[in-house]
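> Protein chains in written order, with the numbering used here: chain A, 54 to 922; chain B, 49 to 156.
If you are wondering where the hints come from, they were derived from the structure by calculation, not from laboratory data.
Some clues are possibly wrong.
To be verified - Which chain B residues face chain A? A few, computed with CB under 8 angstroms, are given here: (1) Lys99; (2) Gly119; (3) Lys123.
Here a beta-carbon is modelled for each residue, glycine too, at the ideal position from N, C-alpha and C.
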Amino acid sequence: MNVNPPKRALKFLRWFCREDYIEELEGDLTEIFRKEYGIAPARAKRKFVWSVIRYFRPEFIKSFTANRYINTLPMFWHNFLITLRNHKKHKASFLLNLTGLSTGLACAIMIYLWVNDELSVDKFHENDTRLYQVMKTVPRADGTVTTMVYTPAQMAQEMVKDLPEVELAVSVISHGETGIVSAGEKGVKAKHQFADKDYFRVFSYPLLEGNKYKVLTGKHEVLLSDKLAMKLFNTTENLIGKSIEWQWRDKFDGPYTVSGLFEARSSRSSAQFDIIFSLSAWESNNDNCWCSNNANTYLVLREGTAIEEFNEKIRDYSKVKLNALEGPGGLKWEGTLFAQRFSERYLHGIYENGFVSGGKIEYVALFSIIGIAILVIACINFMNLSTAKASRRMKEVGIKKVIGAHRWALILQYIGESMFMTFLSLAIAIFMVYILLPPFRTITGKDIALNFDYNLLLALGLITLITGIISGSYPAFHLSGFRPTDVLKGRIKATTSESWVRKGLVVFQFSVSVVLIVSVIVILKQIEFIQTKNLGYDRNNIIRISNEGKLEKSLTPFLNQIKTIPGVLGASGMSGDFTGNHSGGGGIQWPGKDPNHGIEFSGLYVDYNVIEMLNLKMAEGRSFSPDPGSDNEKVIFNETAVAMMNLKDPIGQTVTMWGREKKIVGVVKNFHYESLYERVGPLFLCYGEKHQSTLIKIKSGMEAETLHQIGAVYNDYNNGLPFEYQFLDQDFQVLYAAENRVALLSKYFASIAILISCLGLFGLAAFTAERRTREIGIRKILGSNELNIVYLLSGDFTKIILTAITVGLFVGYLITKTWLESFAYRISLEWWFFAGAGVAALIISWITIGIHTIKAARTNPIETLKMDQ
Amino acid sequence: MKDQSLGEFEELVLLVVAGLHDEAYGVSILEHLEEKLEKKLNISAVHVALKRMEDKGFVKSRFGGITEERGGRRKKFYIVTALGKRMLDHQYALRTSLYKQIPKISFG
Chain A
54 MNVNPPKRAL KFLRWFCRED YIEELEGDLT EIFRKEYGIA PARAKRKFVW SVIRYFRPEF
114 IKSFTANRYI NTLPMFWHNF LITLRNHKKH KASFLLNLTG LSTGLACAIM IYLWVNDELS
174 VDKFHENDTR LYQVMKTVPR ADGTVTTMVY TPAQMAQEMV KDLPEVELAV SVISHGETGI
234 VSAGEKGVKA KHQFADKDYF RVFSYPLLEG NKYKVLTGKH EVLLSDKLAM KLFNTTENLI
294 GKSIEWQWRD KFDGPYTVSG LFEARSSRSS AQFDIIFSLS AWESNNDNCW CSNNANTYLV
354 LREGTAIEEF NEKIRDYSKV KLNALEGPGG LKWEGTLFAQ RFSERYLHGI YENGFVSGGK
414 IEYVALFSII GIAILVIACI NFMNLSTAKA SRRMKEVGIK KVIGAHRWAL ILQYIGESMF
474 MTFLSLAIAI FMVYILLPPF RTITGKDIAL NFDYNLLLAL GLITLITGII SGSYPAFHLS
534 GFRPTDVLKG RIKATTSESW VRKGLVVFQF SVSVVLIVSV IVILKQIEFI QTKNLGYDRN
594 NIIRISNEGK LEKSLTPFLN QIKTIPGVLG ASGMSGDFTG NHSGGGGIQW PGKDPNHGIE
654 FSGLYVDYNV IEMLNLKMAE GRSFSPDPGS DNEKVIFNET AVAMMNLKDP IGQTVTMWGR
714 EKKIVGVVKN FHYESLYERV GPLFLCYGEK HQSTLIKIKS GMEAETLHQI GAVYNDYNNG
774 LPFEYQFLDQ DFQVLYAAEN RVALLSKYFA SIAILISCLG LFGLAAFTAE RRTREIGIRK
834 ILGSNELNIV YLLSGDFTKI ILTAITVGLF VGYLITKTWL ESFAYRISLE WWFFAGAGVA
894 ALIISWITIG IHTIKAARTN PIETLKMDQ
Chain B
49 MKDQSLGEFE ELVLLVVAGL HDEAYGVSIL EHLEEKLEKK LNISAVHVAL KRMEDKGFVK
109 SRFGGITEER GGRRKKFYIV TALGKRMLDH QYALRTSLYK QIPKISFG
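Pulled out of the complex, with its shape left as it was, chain B reads as follows (with noise of 0.2 angstroms):
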């Protein structure tokens, strides 16, 4: 897990994918983080951070049906593999230790 790293992006990205489970691919990745976020992002930021996790291994995708809309292109789903479930689990240990650690007086 010390080799293992996870960008900020990239680790909301994670959590959308396990959020929408079996539902998410790039464009409802994208639509559900613009939404949280309240900012636009660009698809091929999406992409990118997909394209690392996987072959750091934290997602692993499948293709879906043709569908209309895509243009006769399959969707491509992503879920969370098991080190990826890891890896947001201990950046969520790690996250809740460190701010339990702040002492009330800090925001005196």
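In isolation and in its complexed conformation, chain A is listed as follows (with noise of 0.2 angstroms):
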């Protein structure tokens, strides 16, 4: 009679029973069971089960606690033991592991730093949470609404007045720009910015001597920089009380005393200043009428203020005043306000239709995404390897099984394996990010250290824990589920799925290195695009220089001497630039204007040689005279001006321009005045006096002699002064700084990704030829030519990179795209980038697998046939 014992007792009395005991126990009351099932089954089954429970007592039940880990280790020394073994015996796959996983690791590290480091700009102030930047969105005459940073000067001491929720304010005039600054003979140039007396009590820029609440008080007060007073003095001790002598825009041109030192500013702060004076000396001497913006507002607000309720608060708040101060004149163009996080906004810095709507934050996450990538490239090489040489170590698996192992205690061996690994790389990978970290400063700009602190051991311990567990894991969990019988007996053989596992493990890695091969062809087309497109005007061999100290006041005398010399060409004054820095409005009256739309003009001032020296060309009219005084009352628009202000015969046509009437004597065919971003939009050139900067032509083939000579005179009048120029192509490229950065970083990023990727391939390539050896050798003999083996070899591999190809090459176009609509004008994607990118990285995998792939062809059949394996 075979009947069988209540399945759920039996299963809790295999579960708690000492496994010496449970043959006898079983077997004995299956016994019982059976014998009195024939006389009554159901008593038979209550009584089995009863039976069952009283078998649940100490002495019955299994320690489940005790006996486990007692040697951990000894084990643990075992493992370490077979760890270094193995190591040494493949000695060729532990260095491409090795080689991946720290070249993967140094990347992230290196990313992880500028990370952290742009995350950290401006976070070290105290007031951090509560201190908020008042920014006011503007309509435009055009419809739109234009986010600035500009407010009235006198807003900052209005709201601490008005607005229980401040506790302090300050405004901060900072104009960008140098002055001189001198003691003695000595003169430097110094950025400068004019701040509230509460500055360091609202930023907690480190005051090395001075009082912070006593500081930028007087009017003839001045804190300068420890760099700076070390320039000027040579020293940064007992410097309170002494004076200095100031140039800049002649009427704050005088002495002032020094009241404290603060530390030189660090690039961890936005906020870039030499030398501070007191907001006091700005107001006497400029008209503080609430209607001229030319402030920052910085609040720091009440513990616990909700910011949402503040904004709408302050929202009208300008108005409001503006109205009651100037009366509603104005009101018309007169902003919204909102406060936003001072420490938010440099990453956050992008404004649309008065909203944050993205920043620097784009590229921090751009890059913490090809951090993250490299990194799981480089896990998936070492998942990839280990489980594919997994075949190599299941004898020792199913002995370990045999003799008694846990799972878990295999788990954690692999697992044990893996981490040894990773933090091995990790010391490599240090190692490499020291030898590397001064050429990524330069690339970034900043000052990058790698400072030990609790942050980074506690993010490189996360990075190496994570690493370690995802690239041990398969393996470890993989190995560590054979069945002992089948794999003593040699019956395991890799399962489709581990196979496709793999596969879609190396489609993954190449995609990506597809997409960022993709991506750097797209970048550097787009960035020689924009270096060599024809922006309208002629700059080459031209140099930009800011017209400082005495030039300001002597511009012509010293344009006219420096005309004398043999290798200039021409020169000539200019106020702004072509990068983004000039004036303009939406003031302007023009005959048959509609009254309710009007234009956002941009506008330069220039001398009357500037438009034949950068060589514009003039599409209608003339352009300025040279005769002193004739044409400060005339203006020349661009083609898209013309076209905008509807102007049929623009010649000879009266505009008014703020009040004052102008008339046109020329049209300019467009060009480029600001970066490829914008599209060419209105613009008036107006003649003027007074000049920012200077222009000067040289010729070309004299640049080294001409510099000199125009440096000696420089010297005439700015004595003490270094001579400093810019090339008008080179204030392009930092137009284009951003760009240039991510293209070379991304290029060095797809190169590694792209290394790490094919290290992978190699170990696979190498572990697949060698597994087929035998069948190599038994196909030769049968009459396979090489050609054939490598085709059988390499046709496998092929085809999971042309699926990767695909799928990156697809992807790769959608992000291009994305990026490309950013710029206003920009290179059309070609066939040829994507079928590039596809020939690049098949050709490479090619070569990899081929190494392998031809040796082991080649070998003698004989070598491979005659061993025992």
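Since each chain sits alone in its own frame, please combine them into the complex, following the hints.
In structure tokens, the structure reads:
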């Protein structure tokens, strides 16, 4: 009679019972059960269950905890030894893994350092969480709005009075311009700003000397950075009370007294200045109308202020004030206010329709993704190689399991092995980072250092731990899952699902690499396009110098003297430049203007010779004439402006610009006066006399000596100041610094990604060739030639790579298309960008596979067949 | 011998093991006891007694062959060790000597 005892009771018994008792207990119980079942089945079952329950007592319950990890330390050493032996035996794959992982980790660390640095900019202020900047959203003549940082200079102090939420507030006026500061004979250029008295209480710039509650109150007070003080006085001691001489825009010239010293700007601060004046100095020299927006307003809000409510409250603050102080005249163009976290502005500094829409955070996100992708590629290598090589270690696993190793012990062993690899790689990666940091600093323009503080250690530990677990987990769970009998009988074969996983991972790796190749090609092409595009003006061999010091007052004699130098083709003054620094506005009236619809113009003030020197082409009319004073009330528009103004016959017509009537004398052909992110907009050129910079065109071939002579003339005017100049095309490089940086970095990262992917492929190809040596031997004996073998071996890989290329090209297309859309003038995506990237990936992978494939195909079959495996 | 103790039920099981000689395993011991004592016992009680006596060294065990009625499990046979036999002898001698001391008049 073959009835079985109650299943669940039996399962329970087997679960809790000691292994050495289960045989006897289960046997006896079953025997009794079967005897009694013949008499009374139900009672037999009940009795069986009851007996099982009666066994549930300490003598019979197996130990669930003790005995398992008693020998942790010896096992650890044993595993470590096995790991070392394994690496020693398979040096090639060990090196592949190590190279791949350490390169990936080094990339990840560098990207982490950079991202961390970006994220920490401006966060060092003590009041960081309560420190806000007031932003102003202003309507423009053409119906759009623009968001800007400029507010009335008095607003800060008015807000402290009017709004209880505001604890402290300061106005800062910063032009980003340099002036000349001198003590005795020595003069140096310095970036300056004007600031309210509470400046050092609102911001936590370290004050080395001076009292933060008292500085910046007096009109003739000044604070210097320690670096500037070092340059001026060769010391930073006992400088309070010393006098300095300042030259900037005439009316601020004069002596000032040093009242404090602050620590020089760091790269973690977005505000860059060397010298600070009191705001009262500015106010005493300017009309302080609420209508002139020239200051940045910073607020420290009281603890617990809800920013949404506060923003609601200050929305119309400026309008109300303007109405009360100046009357309703300018209300139409007055903007609304909102406060944004000061530390947020560095990364989120682009606004659309009055709202934050992005900024540098996009690059931070981009590089974070690239860093993670590279790390994942490196992890995949490790996983693929270890699972592929699992067959080599199956016997080890089988024997261990037979001896009594738990599955967990095996999993821990393999995870431990990959941890060992990752920590070894981490050590190498840190070494690599040390070596690569100086060039990385140059590329990023950041003062990044590898300081092992708590955060970095935590991040490193986490990155390494996660890398180790991810790369070790698949082999660990895969290997430990084998059934020992199958392994030892040699019945295990690679399952299809396993090879699918491996193939999928390779596809992912190569897709990422292909995306990176495509992106690099497109970025480089776009940058090349920008740099060679005809901008509508000639910027070769033209230098720009800022008109500082005495040049401000005596520009004309300076220009006349420059023009006598034989290598100088022309010299002229200009306000603003061609990288987006220009004035402009919407208040221009012209005949036939629709009163409800305005145009926002950009404007450049130029000397008479500029148009000729830059080789700007006139579409109609003439350019400014050199007769002094004759063209002061004349204006030139560009073609876009004329078209938008709808002027049929523009020459000779009169327009009113901010109350002054000006006659149109010419129309200039469109040229790019801003970056190529912007379309060419409406522009006016006016004749001006005071200029911020001087443009000098130099004869090509005579640059060196001419520059030397210009320097000599410059020194006659500004003795002691270094002669600093910029070529116009350098200006242009600065404009696309971010793109150049992205291009350079993505070039490096793409190469690294490809390198790591290839390492993985190399390892896999080697493994496949090795596993099929006997098959190849038999094939060759049966008459297959080398070409067939190569075809056989690389066919599989080629399919995988082709899939990856397809996926990668598709994703790459989407990404580059989106990126290009941010440019107003851009290249079109050519088919060969993608074909090129695809072919490059294919060829690289073929070369990688080929090394092993050809070697395998050329081996003498006797070599492989005679050995016994 | 002073440290070694033998419970009443253990002594019974040990006697049965000795009596069954080489045929003593869980179920046979249980059936024998139930027959002699004329009451139902639970197999677990027998197993507890056997395990304790094995720890004390009174019995030792070996595995027999696989039999069908036991669901593929082997029988575990017990035999009495020399120590176990001495213990039984000791118990028997003790009881007999005590029994002999009973005066006849006690049953008056």
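> What hint numbers does the structure not satisfy?
none
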